[in-house]
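A.B. asks: Sequence:
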Amino acid sequence: MTRLSVYRRLNLQFFVIAILLISVSLFIFGAIVSFAESNKDSQNQPNSSVLSNRTSENTDDESAKSFANRWITVDENEFNHIQSVTQSKGENFDLEIVEKRSGLTVIKVNEMQALNLSRKMHDEFHKCGGFMSHETLAAALLSIDETLQADSNQQLAEYTINNQTNVNPMLSETKETQIRETIIRLSTDFPNRRYNQPSGLDSANWIKNKWTELAAGRSDITVESFNHPTTTSPQPSIILTVQGTAFPNEVVVLGGHQDSINAGGATLNAPGADDDASGIASLTEAIRIMAVKNFRPQRTVKFMAYAAEEVGLVGSNAIAADFKARGVNVVGVLQLDMTNYKSGNSPVDIAIVTDLTNAAQNQFLRDLIAAYQPTLLVANSTCGYGCSDHASWSNKGFPASFPFEGIYSNQTIHTANDTLEQSENTANHAVKFTNLALSYLGELAKGTLSSTPPTPTPTVMPTPSSTPTPTPTPNTSKTNVALATNGGVASASSQQSGGAPGIAIDGVKNWATSGAWKDATANIYPDILQVDFNGGKTINEIDVFAVKDDFSNPVDPTEVETFNYYGITSFDVQYWNNSSWTTVPNGSVVGNNKVVTKLVFSPITTTKIRVVVNNAQAGYSRIVELQAWTDTTVTSTPTPTPIPTPTSTPTPMPTPVNTPTPSPTPTSGKTNVALTSNGGIASASTQSNGGAAGIAIDGIKNWATSGAWKDATPNSYPDWLQVDFNGSQTINEIDVYGVKDDYSNPVDPTESETFNYYGLTGFDVQYWNGSGWMTVANGSVINNNKVITKIVFPAVTTTKVSVVVN
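Residue 1033, in the working numbering, is where the sequence shown stops; the numbers in between run on with no holes.
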C-alpha cells in the first residue's frame, strides 16, 4: 500500500455516554473529544551530596556575550582544591580573589570564567554550580555576612498539623496525568529554556499564561512577571500570589526554577524534564488543585518560577533580596528542584536537604509526610553551598527547606537526555511532591475550602508576551500584502515550538511583544520562510526584521540598529516568477549585521515571496517580521492560491494563525470527555515541533486554525496518540479527524470529504480495558481516504483511548 503522507496528523473526537442509574432511568450525556500533540523523540552511586551529580553550566562563547563582570561567592575549600588541581595540570586558572572570610571566597569573574569554574566544580565535586552570583562587590560581601548571621533554627511561625478537613480533599485531587502533561509541554515545546535564549523567555511566558489560566475566576489571585536587568537575566521570574484572608502580611513561598541548561552549548537541546520541569509541574498541579477546590488560605501564598537558577541563583537571589529590603514577612519557603526521578537502587522517596536550610521547618516537613503520606520513606542529605534556590532565601534570613527526589542523582541532567523517559514516561514520583506542597501550604498557610465555586472565565491562550499584540496601523500610501490580516499565509522549512512562521506576518516588529519565526535545525542551512499572498500582487519593497540584541525590550528596532547575537547574517530575498524562484534586485545579502533590512526595487508582480537564510548568529534562523509593500494605487490581479502538489517531499505546511481558540459548541445531548477543558490529557509516541499532542483535544477540527498532532518519525510505524480521561467514562463513539487537502482553509471538514495528500490511511482505534488495549468494534481501519472517521460502537467504560497509526 502506498502511503501519501510522511507525517500523520490527527484531530480526534470522542462521543461519550455517562450512565446515571436513578430509579431505573438511563440518562445519556454527550461529549466531543479532541486529541493533540506530543514529540517522538553506568549505574548511579549514592553521594553525601544529594545534588552531587548535577552538571555544570553551559560554556559556549555565545552565552557569555550578555554577561557583564560579576562577583561570585564560593566555598573556600572547594575553590582552593580546584585551584590546586588546575595548576597541577599546568592550566591557567588565574581568577581575581577579592576577599576570603569564614570559609567563603569572593571572586570577580566574567561569564566565561564563571562557566569554567562551574565546569570544574562539576568535574571535582560532581555538583551543580556551587556558587552564588551578585551584581556588585557590596552585594557579594553582604551575602557572606548574611550567610554567617543566618539562624538555621529560627521559627517564624507555629508548626501545627490540624487542618486535615481541608488538606485531604486537595490531596485526593492530585493527578499524575496533569503533572506529566506539564513536564511534556515544558521539555518538548521548549527544549531549551536557558535564561539568555529567546526560547527561555517563551517558556517563561507559557508558565505565566498557564498559571493565569488556572487562576481564572479567582479575584484573590494575581500572576505577574518579576523582571530582571537584561544584562543579568532577560528571562523574568513568574510569581502567582493568593491573597491571605486573615493574615495577608504573612507570606508562604513555594518555588522552583524554570530555566534549563545543556553543558555542551547554549543553543543545544536542554529539555530539563527533571531539572526542573518536574518541580514547576509539581507546583502547577498544586495551583490547579488549590483553584479547583477553591482553597482560601489565611496567610498569603506565593508560587514562584525562578529565572536563571543554573547560573548562580539569579532569580531567587533578586527576589529574596527585594523581599528583605521591603520588609516582607516571609514565614516559610519550600523549594522544589527535581521531583520526578527515583533510582531503583534506593527505597528513599524524599530526601530532606539539611545544609543551608531551616532545621525547625525541615522537621515540620517530616511531620507533614508522616501525617499525610505515611508510607513514604524519608532520609536526610546535603548538597553544599549554593546548589539551589533555597540558599537565596536562607542567606537572607528566611526559613527555607529543600525536599529532593532521592539520594541517588539523575545522571542525565544538563544534557539532551534529561527527558521523561528517565522516569519511565510517568510523573508518579512527582505526585509525592505535589502532595507535600499541598500539605505544606494547607498547614502553614492554613485556610479552608470555600463552598462558592470560582466564576469561570474564558481560557487564556499562551502568547509570547503578556502585552497584547497591537493591531498594525496601515501606511496611508502603502499596503503590506504579506500581513496575515491581508490574506498572507506563512510556511517554513522547519519551526520550533513557539516559533511558528505565522508570527512573522502578524504586523509586530519586536520579539518581546510577539516572538519570531525560528527554525528547528541548529547550524543546518539553508532555512526558508515563505509567504503566499492572497492572489497576485505588485510589490516594490520587502522588509526583513531580525532579532535585536535587547530582544526582551518591547520597542520596535530602528532602521540603523545593528545586532551582535541573534540576527541572520546571510540570506536571499526571492519572489516567484510563475515558474521558479528569482532573487529580487540587491536581494542577496551577506555579512549582514542590521536588524532591519529594507530592499526597494522596481515593481514586480508575484503570488509569493520567501527568505532563504544561509547563515545566522547562535545557530538558528529567526525572523521577527517579513513585510511586502505595494502602492495602494497598483491594481492587484487576483489569482487562485495553488493547491499543493504531492511530491516525495511535501510542501512545508504553514503554521496556523495564532488566533484565540474558540470555545467548541457542544453537540446536543453529548459531552466530549476527551477535551482538554473536560480534563483530557494527550500524549503520543513522538511529536514534531509545532505538532504537540494536546492540539488534538482542543476542540478545533480544522488545521488552519489550530494545527494538529504530528509525529516525528517519517515512514516509521506504528505511531500512537493517546488521551487519558479525567476519571472513568462510558463512551460509544470516537471520531478521528485527519488533515483535509485544502488545509489552509479555516473551515471544518464535512463528513463526506475525502483526502489525497496528508490523511491517515490505516489505523486502529482502541480503549483501555483495565489490563490491556482493545480495539473498539469496527475500529480497525484500512485503505482510508475519509477526512473524518466516525466510529459508533456498543458502550464501553474506560479511562483512556488511543489511535495507533499503521
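Wrong hints could be hidden among the right ones.
As the list claims (entries may be wrong) - Once the Cα atoms are required to be at most 27 Å apart in a straight line, the calculated DSSO-like pairs of lysine-lysine come out as:
#: 1; residue 1: Lys1017; residue 2: Lys520
#: 2; residue 1: Lys1027; residue 2: Lys1017
#: 3; residue 1: Lys529; residue 2: Lys705
#: 4; residue 1: Lys1013; residue 2: Lys1027
#: 5; residue 1: Lys402; residue 2: Lys821
#: 6; residue 1: Lys551; residue 2: Lys402
#: 7; residue 1: Lys520; residue 2: Lys705
#: 8; residue 1: Lys402; residue 2: Lys327
#: 9; residue 1: Lys316; residue 2: Lys402
#: 10; residue 1: Lys335; residue 2: Lys551
#: 11; residue 1: Lys529; residue 2: Lys551
#: 12; residue 1: Lys705; residue 2: Lys736
#: 13; residue 1: Lys1017; residue 2: Lys821
#: 14; residue 1: Lys327; residue 2: Lys529
#: 15; residue 1: Lys520; residue 2: Lys551
#: 16; residue 1: Lys316; residue 2: Lys327
These are computed hints drawn from the structure, not numbers from a lab.
A.B. asks: All hints are to be evaluated individually against the structure, with a verdict given for each.
C.D. replies: How the hints compare with the structure:
no.: 1; hint: Lys1017 / Lys520; in the structure: 36 Å, violated
no.: 2; hint: Lys1027 / Lys1017; in the structure: 18 Å, holds
no.: 3; hint: Lys529 / Lys705; in the structure: 49 Å, violated
no.: 4; hint: Lys1013 / Lys1027; in the structure: 24 Å, holds
no.: 5; hint: Lys402 / Lys821; in the structure: 49 Å, violated
no.: 6; hint: Lys551 / Lys402; in the structure: 36 Å, violated
no.: 7; hint: Lys520 / Lys705; in the structure: 54 Å, violated
no.: 8; hint: Lys402 / Lys327; in the structure: 49 Å, violated
no.: 9; hint: Lys316 / Lys402; in the structure: 52 Å, violated
no.: 10; hint: Lys335 / Lys551; in the structure: 25 Å, holds
no.: 11; hint: Lys529 / Lys551; in the structure: 15 Å, holds
no.: 12; hint: Lys705 / Lys736; in the structure: 17 Å, holds
no.: 13; hint: Lys1017 / Lys821; in the structure: 53 Å, violated
no.: 14; hint: Lys327 / Lys529; in the structure: 36 Å, violated
no.: 15; hint: Lys520 / Lys551; in the structure: 32 Å, violated
no.: 16; hint: Lys316 / Lys327; in the structure: 25 Å, holds
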